[in-house]
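Novice: If you want the building blocks of each chain, they are given just below.
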Amino acid sequence: MSEQKRNLKLHPPRVPMPEVAPEERIKGFMEVPLGYTEEQARLEAERCLDCKNPKCVAGCPVNIDIPKFLKEIREGRYEDAARTLRETNSLPAICGRVCPQEEQCEARCIEGIKHDPVAVGNLERWVADWEREHGAIPLPEIPEPTGYKVAIVGSGPAGLTVAGDLAKLGHDVTVFEALHRPAGVLAYGIPEFRLPRMIVNSEIDYITRLGVKFVFNVVVGVTVTLDELFAEGYHTIFIGTGAGLPKMMNVPGENCVGVFSANEFLTRVNLLGASKFPEYDTPILDSRHTVVVGGGNTAMDAARIAKRLNGQKVSLVYRRSIDELPARKEEVHHAQAEGIEFNLLCNPTEVLGDENHIITGIRCVRMALGEPDDSGRRRPEPIPGSEFVLDCDAVVVAIGNSPNPILTKATPDLEVTKWGTLKIDADTGATSKSGVYAGGDIVSGAATVILAMGAGRTAAAAMHRYMMGLPRPLRQMAS
Amino acid sequence: MDGYRIVRDRSLAEKIREYWIEAPMVAKKHRAGQFVIIRLHEHGERIPFTVVQTEAEKGLIRLISQSVGKTTEEFTDYHTGDSILDVVGPLGLATHMENWGELVVVAGGVGAAPLLPIVKSAKGSGNQVHAIIGARSKNLMILEDEFREVCDEVRVCTDDGSHGSKGLVTDVLRSWAAEGKKFAFGITAGPVIMMKATAEAMRDLSIPGLASLNPIMVDGTGMCGACRVTVHGKTRFACVEGPEFDALGVDFHELILRNRAYRKQEMEALDHYHSEGCRLLKAAQELAHV
Ligand SMILES: Cc1cc2nc3c(=O)[nH]c(=O)nc-3n(C[C@H](O)[C@H](O)[C@H](O)COP(=O)(O)OP(=O)(O)OC[C@H]3O[C@@H](n4cnc5c(N)ncnc54)[C@H](O)[C@@H]3O)c2cc1C
Ligand SMILES: Cc1cc2nc3c(=O)[nH]c(=O)nc-3n(C[C@H](O)[C@H](O)[C@H](O)COP(=O)(O)OP(=O)(O)OC[C@H]3O[C@@H](n4cnc5c(N)ncnc54)[C@H](O)[C@@H]3O)c2cc1C
Ligand code: SF4
Ligand code: SF4
Ligand code: FES
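Residue numbers (the working numbering), protein chains in the order written: chain A, 1 to 479; chain B, 1 to 290.
Accuracy of the hints is not assured; some may be wrong.
Claimed, not checked - Result set (DSSO-like, lysine-lysine): computed pairs, CA atoms no more than 27 Å apart in a straight line: (1) B:Lys-28 x A:Lys-433; (2) A:Lys-213 x B:Lys-166; (3) A:Lys-307 x B:Lys-264; (4) B:Lys-234 x A:Lys-213; (5) A:Lys-409 x B:Lys-29; (6) B:Lys-166 x A:Lys-418; (7) A:Lys-149 x B:Lys-29; (8) A:Lys-276 x B:Lys-264; (9) B:Lys-234 x A:Lys-247; (10) B:Lys-15 x B:Lys-166.
Said to hold, decoys possible - Sample of chain A residues with no beta-carbon within 12 Å of chain B, all distances over it, derived: (11) Leu-10; (12) Arg-14; (13) Met-30; (14) Pro-33; (15) Gly-35; (16) Lys-71; (17) Gly-76; (18) Ile-137; (19) Arg-181; (20) Glu-330; (21) Ala-462.
Bear in mind the hints are in silico, worked out from the structure with no lab data behind them.
Backbone N, C-alpha and C fix where the C-beta goes; we use that ideal spot for every residue, glycine too.
Next up, chain A with everything else stripped away, as it sits in the complex:
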C-alpha cells in the first residue's frame, strides 16, 4: 500500500502484544511477551500518522527517528529500519523490551492523544529481532586505528554504549568489569522472562566484533586504580559503575535468615543460576511465602522470580497506593496476572524471627496518604494502632539502590555529591578528574537503561573530541 492511499481516519486499535498465559509462564523463565508477527508489525506500523512534527522523537532520550523506521516497516524495508534504529540506539532489542515507553516516546505520540498511542517499543523490538534472526548484525565501516586507548569501567548499558561508539571511531577500547560476566543490571538484575540472555549476548557479541576487549574480575579502584590505568597508557577513562548498593529497611530483625536484598536475590538467580540448583552450585532458599518490599521494577522482578521458584505464594508490600507504584504499568499487570498479592499502603516495621534467627513473619503498619512531599507525591503516614503480621519465610527488600562507593572512595580527586553520585559537566560527562568521564546510574542515581545509554552517547562524543585534541600517540606517528 503506498503512503498516500493510507486512510488515517480509521484509527484502528493498537495491535495487542501476544503473551504466554500466566499459568504457563510461571512454570519457567521463558519470555512473557512473544513479539509481533511480521503481519502484526506491518499492521501496527500502519497506525502511525507520520507526523510533520513528531512529538514521539522528542520523547525518546536518544531521539530515534521514529516516523522513519515505522515507514520503513510499512514498506517492508526492514534492513533500513534496523539501520535507522542503530543510528542512534546501539541496543534496540533491549530497549524495545525494557524501556518505559509509556512515559517516553509513546507518552508523546500524537495518535495517542485521542486514541491508543502507536506501539513504538513493540515495533522497535520487532525490527531488532528481525535483524538478529536474519544473520549477524552487519558491522559499520571502522576507520583506521587512531592509536588512542580508552578504558571503560563497568559493562552496563552506559559503558557498553561508550565502548561501541568509540570503537566505531577507530579507538582501542577495553572494558573492565568487576563481575565475571558483562552487561551490568541487564545480566544480574533484569530476569530472563523480560530480557532473554540470548538477546544480551548477541549485543555483547556485536560490541566484541567492533573490536572492544572485555576484562572481567577487575574491581577498578581496588584491583587497579584510575591513575594506574593512565600510567598503563590509557588516554581517557569512562566510569559507568551504576547504582549497585542496596538500601536496607533498617528495622529490627532485618538480619534474620531469609531476609535478602533484591540484589542478592536477583544475582543468585540471574547471574549464578540458582533456579537450576543443584545443576548450578549456588543455592536459593526454598520458601513457601515470600514477601517483597517495594514497588519499583526491581520489586516486580523479584516477586515474579519468587513466583517461578516452585510456584510459591508471593506478596508485595508497598507504602503508597497503586497509582504511585514506580514500576512500569505493564510489569504491574504481569505481576498481578501471575497471582502476586499486592498489599498497598502498608510499610514494614519489624522482621520477626524464631529462636534460631530464622524469619517467621513481617510486621507492617497501614499507611494513609497525607500532604504532597517534595516529589509531589502524597506522603504516606502510618496509621497508629494498625499493625498486623504477615506470616512468611522469606523477605526480599527492594526499596532502591545507591551508587557503590568502592571506586569513588579510592579516587579522592573525583568529586561526588552528598548522595554519592559523581559530579559531571552535563554537556560532556566530564568529571572533576582530567580525562575521566562518567554517565549512567553512577551520575543520575538509579534510573533507566535508555538514560544510561543517552549519557554514554554524550560522554563518548566528548571523549572522542578530547582524544583528538591530544598529541598523536607514538604508535601512530611511527607508522
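Chain A is already provided as a structure; the job is to place chain B with the ligands on it using the hints.
Specialist: Below, chain B with the ligands without anything else, positioned relative to chain A:
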C-alpha cells in the same frame, strides 16, 4: 583469558590443600587481611578465600582451602596445570596495622591461613608476635613451621592432645595470661564458635582486638548484603567494611545462625556432586573395561 592457572598444589593436612595460582593483578595489589572470590567453572558458586601469601614478581597468589562442602570438595580435584575460571580481588580492607607492642594471634584450624600474612605484617611493624594455634588433632594442624619462623613464640594445642597441649585455644590464652603475660592486642580467626569463645576470653582478660569473620558472600564488592554481620548493634557488610571487626562487638551468635542458612541445600549439593562423581566414575570404569 581462559581462567587462572594453578602452578603448584599440595596437601597440607587432612582435607586441607594449598594452591599457588597465577593472578598477577591480585598479587601486585594484595595486602595482609585481604581475600579473593573464586569460581571454579561455569556452573560454580562464588566463594571467598584469604590470600595467604603472594609472589608479586611471578604474579602468584597462595590460597589454602579446607573441604567443608561441595565447592571446596570439588576444588580438591583441581591440580597443577588446571585453571579455575574466575579470581577477583583483592577484596576487603587490609588489616589495620600498628605497633601495639605485645600482640597475640589466636588461630583455630584453617584460621591459621588468614593469620599468617597478618603476623608477618605485624612483625614488620615492630610488634612482638605471639601465636596460639589450635586444631582438633595433629593431622589437621597447618602452617605451624611458618608461624614458628616469624613469631616470637608459638604455642599449639589440640582437642585430643595428639600434638601440643590438650585443650582449646582459649585455655592456652587464659593460662598464658595467668603466667603474667600482658597482651596489648589480639587477632583471631577460625570457626565462628571458636572466635566467639576467644572474644569472650579476650574480654575477660581486657585484651582489645579483632576477629576475621567468614560470613557467606556472593559478590564481595558491597552489592548484595549477603555478608551482613552485626557489630556493636550496627549492620556492616563484611566484604567491604571487613572482614575484620572489633572482636568484642561482633554478634557471633547471629553469624553462626546466618552461616547455617543453606545447610539443607549444602547437603543436597554435596549429595548431588557425589552421585554425579559416582556416575562419572562408573562411566570411566566401563570405558576402561571395553
Ligand atoms: C531489577 C532491575 C530492573 C530494572 N528494570 C528496568 C527496566 O525495565 N527498564 C529500564 O529502563 N531500566 C530498568 N532498570 C534500571 C536500569 O537497569 C539501570 O538504570 C541501568 O542498568 C544503569 O546502567 P549503568 O550502565 O549506569 O549501570 P549498571 O547496569 O548498574 O552497570 C554497572 C556495571 O559496573 C560494574 N562495576 C561497578 N563498580 C565497578 C568497579 N569499581 N570496577 C569495575 N566494574 C564495576 C558493575 O558490576 C556493573 O556490571 C532496572 C534495574 C534493576 C536493578
Ligand atoms: C573473607 C573470607 C575468607 C575465607 N578464607 C578462607 C580460607 O582461606 N580457607 C578456607 O578454607 N576457607 C575460607 N573461607 C571460608 C570458605 O569460603 C567456605 O568454607 C566456602 O565458601 C565453603 O563452600 P562449600 O561449597 O565448599 O561449602 P558449603 O557446603 O557451601 O558450606 C559449608 C559451610 O561453609 C560456609 N559457607 C558457604 N558458602 C559460603 C560463602 N559463599 N562464603 C563464606 N562461607 C560460606 C557456611 O557456613 C557453610 O555452613 C573464607 C570465608 C570468608 C568470608
Ligand atoms: S529507545 Fe525507548 S524511548 Fe526511544 S523509541 Fe525506543 S522504546 Fe521509545
Ligand atoms: S507521534 Fe505517534 S503518530 Fe506521530 S510520528 Fe510519532 S509515532 Fe507516529
Ligand atoms: S558479599 Fe555481597 S555485599 Fe558483601
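Novice: Verify this label for me: Gly-35 (chain A) is non-interface relative to chain B, using a Cβ-Cβ cutoff of 12 Å.
Specialist: holds (29 Å)
Novice: Quick one, are Lys-28 (chain B) and Lys-433 (chain A) close enough, alpha carbons at most 27 Å?
Specialist: holds (25 Å)
Novice: Does Lys-409 (chain A) pair with Lys-29 (chain B) here, judged by a C-alpha cut-off of 27 Å?
Specialist: Holds. Lys-409 (chain A) to Lys-29 (chain B) sits at ~17 Å (cutoff 27 Å).
Novice: Between the alpha carbons of Lys-276 (chain A) and Lys-264 (chain B), is the straight-line distance 27 Å or under?
Specialist: Given that 27 Å is the threshold and the Cα spacing comes to 16 Å, the pair holds.
Novice: Holds or violated: Lys-15 (chain B) with Lys-166 (chain B), Cα cutoff 27 Å?
Specialist: holds (22 Å)
Novice: Looking at Glu-330 (chain A) again, its CB stays over 12 Å from all of chain B?
Specialist: Fine: 27 Å to the nearest Cβ keeps Glu-330 (chain A) off the interface.
Novice: Given the hint that Lys-307 (chain A) pairs with Lys-264 (chain B), test it: the Cα-Cα distance must not exceed 27 Å.
Specialist: holds (21 Å)
Novice: Grab the minimum beta-carbon distance between Pro-33 (chain A) and chain B and tell me whether it stays above 12 Å.
Specialist: holds (29 Å)
Novice: Taking 12 Å as the cut and beta carbons as the points, is Leu-10 (chain A) off the interface with chain B?
Specialist: holds (51 Å)
Novice: Taking the minimum C-beta separation from Ala-462 (chain A) to chain B, is that value above 12 Å?
Specialist: holds (28 Å)
Novice: Does the claim that Lys-71 (chain A) lies outside the interface with chain B hold up, using a Cβ gap greater than 12 Å?
Specialist: Holds, because the least Cβ-Cβ distance between Lys-71 (chain A) and chain B comes to about 44 Å, which exceeds 12 Å.
Novice: Confirm or reject the statement that Arg-14 (chain A) sits farther than 12 Å, beta carbon to beta carbon, from all of chain B.
Specialist: holds (39 Å)
Consistency note: the structure conflicts with the earlier hints numbered 2, 4, 6, 19.
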